[in-house]
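450 is the number of the first residue of the sequence shown in the numbering used here; add one for each residue after it.
Treat the hints with care, as some may be off.
As the list claims (entries may be wrong) - Derived lysine-lysine pairs resembling DSBU-like cross-links, with alpha carbons at most 35 Å apart:
| id | residue 1 | residue 2 |
| --- | --- | --- |
| 1 | K565 | K462 |
| 2 | K503 | K579 |
| 3 | K482 | K548 |
| 4 | K482 | K460 |
| 5 | K565 | K613 |
Hints listed in this document are in silico derivations from the structure and should not be mistaken for laboratory results.
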Amino acid sequence: MSKQNDSISCKVKQYRQEAGVSQAQLADLVGVKRQAIYDIESGKYLPNTGVALKLARHLGATVEELFVEECEEDGRELVLPEGGEDSGGRVSLARVRDKLVGYPLEGEYAFSHELKAADGVIGSKGKGLKILGTGSAAENSVFLMGCDPAFTLLAAHVSRKDPKARVLCRFASSHASLNALARGETHIAGTHLHDEPGSSANVSAAREKIALTGGLVMGFSMMEEGLMVAPGNPLGLRSAADLASGMVRIVNREPGAALRVLLDDQLAKAGVPGPAIPGYEKTVKSHNQGAQMVACGAADAALGLRPIAHAFGLDFVPIAEVRCDLVIPSDLIEHPTIRVMLDVMQTRHFREEIDLLRGYHPGQTGAVIAQF
């Protein structure tokens, strides 16, 4: 338990009463004493992450809905050299002498293309690892595999909260990420598989892949998937079925990628055989690569996400909205960096940034989808 924080407003009592649950009943469900529930509701203490997650699950709310952070708007004058006063978008900030200066994170500046510093160097034939810097960096780092571009935002927020904590993002399809998790090659897998009626594909896959350890499935984002097309959508595409004309050159994702599965499902419903579409067998391994193909005129459409299309100046044809989840094995939940990450996902600051991304919303961000 942490002492009272005046910037946090506790809503546990409100949600408990709406659910028709007594303090004693809630204490039994969460596994704490009744006095602890009383202290939490009265604002005397804030619960730790584990207790907060259990409260949220049993009260049918997110942690952020139970513990609301009262944020004050910064009243300092902001200088925007490149404009963007009316966009209401994301910016990078730094103080230059006596001015607070901001540059918009749009277009090419929304993504990073610089070289990344290494933690170590491997000798020939994979032998003789040489650590660069201190070895503690590896102990404080976790791998997050998946293909949601917003994962890097999560990594940045984690580093801001705890400079020693690192979330290292590795791009991989949903299935590849879950397979790596099952092999013990990553700490966290990001997955956005498409649900069948009455079931969660993400949860089903997680239960199958990490059945031995059990785990936590936590909501990360809701996002739009679809076709990235040239500015103005010159071919007038409205759905995947429009690809059947034979006049549209597409670039596909690799087999096993969730977006390719989505396309195949949509084509099957429309009675369109995939190989009949020009470019169906031509694949790329990321949203960015597909967007680049469309931007340079090498393809008319590519599978991807709305914020990627916007960053490359493309139009977007939505096909489906899907939930992206994080899957964490039970034995890794207490990793210090993962604890920081779970805390960050409950904050208003992080949820607000997710909400600023085109085609995203944080309705499920930080919610416990399943625990087994």
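Consistency of the hints with the structure:
1. Proximity of K565 to K462 is assessed by CA-CA distance (about 47 Å); at most 35 Å being required, the pair is judged violated.
2. Only pairs whose Cα atoms come within 35 Å are accepted, and K503 paired with K579 is rejected, the gap being roughly 42 Å.
3. For the hint pairing K482 with K548, the CA-to-CA distance comes to about 51 Å; that exceeds 35 Å, so the pair is violated.
4. Our distance criterion of 35 Å between C-alpha atoms is met by K482 and K460, whose separation comes to about 19 Å.
5. Our distance criterion of 35 Å between C-alpha atoms is met by K565 and K613, whose separation comes to about 17 Å.
The structure shown violates the earlier hints numbered 1, 2 and 3.
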